[in-house]
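Student: Position chain B relative to chain A; hints supplied.
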Amino acid sequence: MPNRIITIAKQTFKAAFNNKGTLALTLLLGLSLCLATYIGWQNYKTQNNQRLHYKELVRKQWLAKPDKHPHRMAHYGYLAFREKHELSFFDFGIESFAGVSIFLEAHKQNTVNFSEAGFSNGMLRFGEISVAMVLQLLVPLLIFFMGYNSISAERESGTLKILLCQDVSWKQLLWGKTLGIIGVCLSIFLPLILLTILLWSSLSHWQISTDSSLRLLMLILSYAVYFFIIAALTVLVSAFARSSKAALITLLACWIFFMVIMPRITQAVGVKIHPSPAKIEFADAIASDISKQGDSHNPDDSHYAAIKDSLLQMYGVDDVKKLPFNYGGYIMAEGEKITSKIYSNHQKTLNKTFEKQNEITTVAGFFNPYLALKHISMALTASDFNTFVDFQNQAEAYRYQLAQKMNKLQIEKISNIAPGENEKPLAISKKNWAEQPDFNYRFGKLHTVISNELLALSALSFWLLTTIFLLQYATRWIKTIS
Amino acid sequence: MKQSIYQLEFKLFFRNSQAWIGIIVLLVTGFAGLYFGKTFIAKQQAVIEKAAVLQKKNTLNNIDHFGKDIGLFFFQNKFSVVNTPDPWSAFANGQRDVNPYLILVTMLGLEGQLYDTDINNPVSLLMGNMDLSFVFIFLFPLVIIAFTYNLLSEQQESGVWSLLKSQTGKSFVIIRRKFSIRVVVIIGVAIILLMVAKFYLNLPVDFTFLAVFALTILYLFFWFAVSFFFISLNKSSNFNASAMVAVWVLICIVIPASLNLFLTRKYPIPEALQNVINQREGYHEKWDMAKEVTMKPFFEHYPQLKKYPFPQKKTFSWFWYYAMQQMGDDQALTSRLAIQHKLESRQHFTQMVALFFPPIQTQLGINKMAGSDLDNHLDFQDAVRKYHEQIRLHFYPNIFLNQGVNDTNIKNYKPEKYIRQQVPSVWINLLSIVLFASILMVISIFNFRKANRF
Numbered sequence: 000m001p002n003r004i005i006t007i008a009k010q011t012f013k014a015a016f017n018n019k020g021t022l023a024l025t026l027l028l029g030l031s032l033c034l035a036t037y038i039g040w041q042n043y044k045t046q047n048n049q050r051l052h053y054k055e056l057v058r059k060q061w062l063a064k065p066d067k068h069p070h071r072m073a074h075y076g077y078l079a080f081r082e083k084h085e086l087s088f089f090d091f092g093i094e095s096f097a098g099v100s101i102f103l104e105a106h107k108q109n110t111v112n113f114s115e116a117g118f119s120n121g122m123l124r125f126g127e128i129s130v131a132m133v134l135q136l137l138v139p140l141l142i143f144f145m146g147y148n149s150i151s152a153e154r155e156s157g158t159l160k161i162l163l164c165q166d167v168s169w170k171q172l173l174w175g176k177t178l179g180i181i182g183v184c185l186s187i188f189l190p191l192i193l194l195t196i197l198l199w200s201s202l203s204h205w206q207i208s209t210d211s212s213l214r215l216l217m218l219i220l221s222y223a224v225y226f227f228i229i230a231a232l233t234v235l236v237s238a239f240a241r242s243s244k245a246a247l248i249t250l251l252a253c254w255i256f257f258m259v260i261m262p263r264i265t266q267a268v269g270v271k272i273h274p275s276p277a278k279i280e281f282a283d284a285i286a287s288d289i290s291k292q293g294d295s296h297n298p299d300d301s302h303y304a305a306i307k308d309s310l311l312q313m314y315g316v317d318d319v320k321k322l323p324f325n326y327g328g329y330i331m332a333e334g335e336k337i338t339s340k341i342y343s344n345h346q347k348t349l350n351k352t353f354e355k356q357n358e359i360t361t362v363a364g365f366f367n368p369y370l371a372l373k374h375i376s377m378a379l380t381a382s383d384f385n386t387f388v389d390f391q392n393q394a395e396a397y398r399y400q401l402a403q404k405m406n407k408l409q410i411e412k413i414s415n416i417a418p419g420e421n422e423k424p425l426a427i428s429k430k431n432w433a434e435q436p437d438f439n440y441r442f443g444k445l446h447t448v449i450s451n452e453l454l455a456l457s458a459l460s461f462w463l464l465t466t467i468f469l470l471q472y473a474t475r476w477i478k479t480i481s
Numbered sequence: 000m001k002q003s004i005y006q007l008e009f010k011l012f013f014r015n016s017q018a019w020i021g022i023i024v025l026l027v028t029g030f031a032g033l034y035f036g037k038t039f040i041a042k043q044q045a046v047i048e049k050a051a052v053l054q055k056k057n058t059l060n061n062i063d064h065f066g067k068d069i070g071l072f073f074f075q076n077k078f079s080v081v082n083t084p085d086p087w088s089a090f091a092n093g094q095r096d097v098n099p100y101l102i103l104v105t106m107l108g109l110e111g112q113l114y115d116t117d118i119n120n121p122v123s124l125l126m127g128n129m130d131l132s133f134v135f136i137f138l139f140p141l142v143i144i145a146f147t148y149n150l151l152s153e154q155q156e157s158g159v160w161s162l163l164k165s166q167t168g169k170s171f172v173i174i175r176r177k178f179s180i181r182v183v184v185i186i187g188v189a190i191i192l193l194m195v196a197k198f199y200l201n202l203p204v205d206f207t208f209l210a211v212f213a214l215t216i217l218y219l220f221f222w223f224a225v226s227f228f229f230i231s232l233n234k235s236s237n238f239n240a241s242a243m244v245a246v247w248v249l250i251c252i253v254i255p256a257s258l259n260l261f262l263t264r265k266y267p268i269p270e271a272l273q274n275v276i277n278q279r280e281g282y283h284e285k286w287d288m289a290k291e292v293t294m295k296p297f298f299e300h301y302p303q304l305k306k307y308p309f310p311q312k313k314t315f316s317w318f319w320y321y322a323m324q325q326m327g328d329d330q331a332l333t334s335r336l337a338i339q340h341k342l343e344s345r346q347h348f349t350q351m352v353a354l355f356f357p358p359i360q361t362q363l364g365i366n367k368m369a370g371s372d373l374d375n376h377l378d379f380q381d382a383v384r385k386y387h388e389q390i391r392l393h394f395y396p397n398i399f400l401n402q403g404v405n406d407t408n409i410k411n412y413k414p415e416k417y418i419r420q421q422v423p424s425v426w427i428n429l430l431s432i433v434l435f436a437s438i439l440m441v442i443s444i445f446n447f448r449k450a451n452r453f
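Heads up: the protein sequence lines correspond to chains A and B, in order. Note that numbering that gives the first Met the number 0 has the first sequence beginning at 0, numbered continuously upward. Note that numbering that gives the first Met the number 0 has the second sequence beginning at 0, numbered continuously upward.
Just chain B, with the same shape it has in the complex:
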């Protein structure tokens, strides 16, 4: 008996053309999101493959042109470091369009090279990427609103409600039944999209999969809780629609946008510009100073390099040149750490704020899992730093002893790949969303109880 009522309710729901429109909109935009997200990452992967070919070609070319002068060769020769996209980054492109995923560095000062961007169309960056996470975070809530805003009010407005209420004492049960059908349908669509994503994007079923799965489903439950709350207020359809859309506009656009503006104002980063200046001066001013000014701190930094003979008398030597370059980086250290500090403050602020706003929380959580957030890029920058250090220390002896380029193992060098070591945790993200959804649910149930009593 109970089952058949559910069947009837399902039939009733699917007879409504609005229901089909909602489902089709989600599926179509979902597939579009998957397609564009995958294309975006596929392009990055193609470029990364090309980088290996180009590095080899350019190295041989450089050996041909500058092979006689090892110092000049390493002045020109570039090494690539790649931030390999995680399969999940096709699901959430995040900041991977803004931040470079391929950084080319020579052995010169790193601070002058590390922040070079890729060539981007700023308008595309402004409009944002179309990926599946966008569909989940922005569009699913709207369809949830469309499916549920008139759940109770429509019955009341068409006069069915009083009839129903007079026939059964359990009006809450009817609402719950109608509501749960919509939950099942939406969650069903979400699962279909996640499954398609799993196969289309070749996502491994692992902890990340479970975490993203849990995060998206919980996020949808949060929105169901919001709509349940508005239903429980027992207002008109027009009020519900307006209020729910207003809530969506507030927490998906207005509040994050205002918070971002506040963040930019509270933590401006002039240190970035200062850093460029420090690096540039730190290196260039050394040309006009005694060699001692450069070499003393250089040998303090790298005592192991003291054993190589420094040509004190020569007006110019590559030894001196590379040491001067190092001075640029060393003198930019404080400003570099200041940038890092500011970014950490920004990150901290965002995390605190995100606790109160599930859309921000979900977006950040998914980006984090997908390895397409700022943290991932900063880790990538650190990997570039390490690699740059390693390369320099490896080739310095060859340069300082003025050996031939062909005596080095430069031809074996391939692009260095950065792959993140640990998968971040999203427990906090999950927890805060669960908390909000639960609070809203409890209030709504309380509202219904109160309404029923009268």
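Same shape as in the complex, but just chain A:
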């Protein structure tokens, strides 16, 4: 019995390549995939090298700073650059819409600036050609063109009756056709995967981490499942449609609706239902929380007055200048602690809001396999929202640590008695700067990615099971003769 499925699959595969149109389309897609891989890889290389170059420069400049007051260094701050994941050449995801560099300084949380989109005159909005885009959008189109008449043409030419009379079951026919179409897809997908693996291992200097290999493996698997779903749906539409023409029109309309219109609408609805604050509103909410808890800039603030009193009492002195450590540094450390905690809470809420906005699109994955795969693909190539948030969090943690390190140096090493107006400013040795490590972004591991993307993964699995079920049991509703 499986032999028959294979025979049908082989037949479909051969027939597809005998068709000049399909052959041309397949070659075209294969070519554009190779091009997308190459350009994606080049882009990754130039952009990442740029970022690494400036990262090194920033480190060198930090270490080269002369002896000075640690608080000056806290304001000099650090520049962090968002590195790209080695797999991001496969799927650009939100890369072009997310900022690249962030300035980390004391007292202040800055935005991640300089996204590619900010330099675009609008052409970016048409999309970006990446391997993922070709596989997600164009390969389904190829599958539609190959498969829209897979059953309906047999019916129209009358061969369907003959086939079914010859002891071929509907189930075998559907499975055979589906597998045949997938075969054609794989004939361009498999060489591409090999190319990807080759490129990618040369990118990482032939040192492939287990985590990335697993990511790639899952990526390949997800795309294979996606192709299966699309191919099965195509064959089913062809089997149910009144005519080949009706099947083609239905499939094209679906493509347009699910891949062009729906993503925009679901996201717009998400933004509408869960509005996010503008920057000034966000900043204002933080400022009002800070003034409630204690504002070190406010001379009449009760929180800081209480700290001062307790310090004076503890050390038995009547003036902060007589304290055995740098009082200014102590207050700044306290201020940094309060403000950054409040900021982080607000940032967390904001990210929750963004997640809720995005969730509508993720849930829509149960109606639209394209959206489910899109999420999975971005997450696996670390070009998704969660990776961006993770970068922001790591940068903020680094900023906090840097500011507190400088405060600590000030508390311990700077005299509590301020120099006079015309005297030399207080300073500590430049040797201290090396104690502050460089900022290195660490990508999350695969298991966090999976737990983040459970919803999208279950949506794709749901589609897989549904299509298998339909291939197995939908046959009873199909008419043999139109």
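Think of the hints as simulated: they come from the structure by calculation, not from any bench. Since this is a predicted model, take the numbers as computed values, not measurements. It cannot be assumed that every hint is accurate.
Claimed, not checked - No more than 30 Å apart at the CA atoms, straight line, and that leaves these computed lysine-lysine pairs for BS3-like:
(1) 64(A) <-> 410(B)
(2) 404(A) <-> 430(A)
(3) 312(B) <-> 291(A)
(4) 67(B) <-> 407(A)
(5) 67(A) <-> 313(B)
What the hints assert, rightly or not - Estimated spans, in silico, between C-beta atoms of each pair:
(6) 343(B) <-> 155(A): 53 to 61 Å
(7) 196(A) <-> 238(B): 33 to 41 Å
(8) 168(A) <-> 7(B): 35 to 43 Å
(9) 68(B) <-> 416(A): 14 to 22 Å
Unchecked claim - Interface residues of chain A toward chain B, partial, derived using beta-carbon atoms under 7 Å:
(10) 49
(11) 117
(12) 263
(13) 279
(14) 283
Heads up, the beta-carbon is just placed ideally off N, CA and C, and yes, glycines get one too.
Tutor: Positioned in the frame of chain A, the structure of chain B alone reads:
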């Protein structure tokens, strides 16, 4: 007699459920586009109004906290500059989601503040905005394709065509009639949407209105020309549908997306990162240098400020501090101009490319008219530069003479509004689309003539 044939054709067209589905899809997505586009801009407007309230509140707060030290006050106090949305930006949101429409600056170095973005959800930016221009540029062509792909082929496939042809010698006239009915219906829907947009978005009827109107209608004519061309090839319905959708996918997605990738690769902007570094070093390094290093170029830049007494002996003075900040901007000048130059090259490249691809041309043209393109944002940045300069030169004397904050007119300051001065021209955009549509029409008519002869 002739009129009644048209009436019958109309009846025939509207009896088809596909026709109604197409029209309803356009109207529903069109209204959705209008709604989401307007909501998007309404939110920006609400934030802009809030900015005025917050600026006042924060200024008073700052006077309360730092009023005793004018240098410190202006170190903290922020001024807002607003890129007021044009009513048309609700029609085409363009890049207004990516680029900030409200920039807050202190009197410190501008290059460190000018590029701060708003807080955005990058996924929403990736998915793109749902506005009416999206419906016009992406969906209308698809409905045009759906309405026309089988205009001739269906007649042939159902066998009506040979019958028709034997009865009348003017088969081309029949095609033309059927075709023009579809043109009238689609253009009618487009006009309805534009009229609804006019009232819903409060668009003034002026040159911009006419220009956008002409641009969208011409763009639709381009697509009619495309479909007319495919009809004239006299192929099967399936071929037409596949080929037309393929053309749509090519010129609405694949080609612009490839060109964009090429553009990013050809004109990368590492200068942006270099600029941040230049500004940061240009300012911070001055702390560890003799005051002369800062003050000499500062006075060269602003000779009019020489008359204020500079406290040479003091370890720290706000005079020196603000001059150091200025050094950050001055030392970032070359990288800033380099960014500008790169952006101009990108703009030039896009304009050249757009000449050959009507969807890109229309999108850029509409964004330009709506004031939601990159050029508008760059002009806005320039306005911020000017305002920042004006504010600094206005308050420098107060700071350098160490006057009281209350002696200044700081309380009168309200958010500065940037409103673009001149409406850009779209003649090139219109012309290139007309040219493409005409070429296709001529070829198609030639094809029909050839087919008729045989």
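Student: Residue 196(A) and residue 238(B), beta-carbon distance inside 33 to 41 Å?
Tutor: holds, 38 Å
Student: Is residue 312(B) within 30 Å of residue 291(A), Cα to Cα?
Tutor: Not satisfied, since the Cα-Cα distance of roughly 41 Å exceeds 30 Å.
Student: With 7 Å as the cut and Cβ atoms as the points, is residue 283(A) at the interface with chain B?
Tutor: holds, 6 Å
Student: Checking hints one by one. Is residue 117(A) an interface residue toward chain B, by the C-beta closer than 7 Å rule?
Tutor: Given a least distance of 6 Å, the restraint on residue 117(A) holds.
Student: Would the hint linking residue 67(B) and residue 407(A) be met if the CA-CA limit is 30 Å?
Tutor: Cα-Cα ~29 Å, so holds.
Student: For the pair supplied as a hint, residue 67(A) and residue 313(B), confirm whether the alpha-carbon distance does not exceed 30 Å.
Tutor: holds, 17 Å
Student: Quick one, is the residue 279(A) hint okay against chain B at 7 Å, beta carbons?
Tutor: holds, 6 Å
Student: Is residue 64(A) close enough to residue 410(B), meaning Cα to Cα at most 30 Å?
Tutor: Outside the cut-off at roughly 40 Å; violated.
Student: Given a cut of 7 Å on the nearest C-beta pair, is the interface hint for residue 49(A) held or broken against chain B?
Tutor: holds, 5 Å
Student: Against chain B, is residue 263(A) within 7 Å by beta-carbon distance?
Tutor: The hint holds - residue 263(A) has a Cβ within 7 Å of chain B, the shortest such distance being about 5 Å.
Student: Note whether the CB distance of residue 343(B) and residue 155(A) lies within 53 to 61 Å or breaks it.
Tutor: Holds - the Cβ-Cβ distance for residue 343(B) and residue 155(A), about 57 Å, lies within 53 to 61 Å.
Student: Check the following: the C-beta atoms of residue 68(B) and residue 416(A) are separated by a distance inside 14 to 22 Å.
Tutor: The hinted range 14 to 22 Å holds for residue 68(B) and residue 416(A), with Cβ atoms some 21 Å apart.
Checked against the numbered hints given earlier, this structure breaks hints 1, 3, 8; the rest are met.
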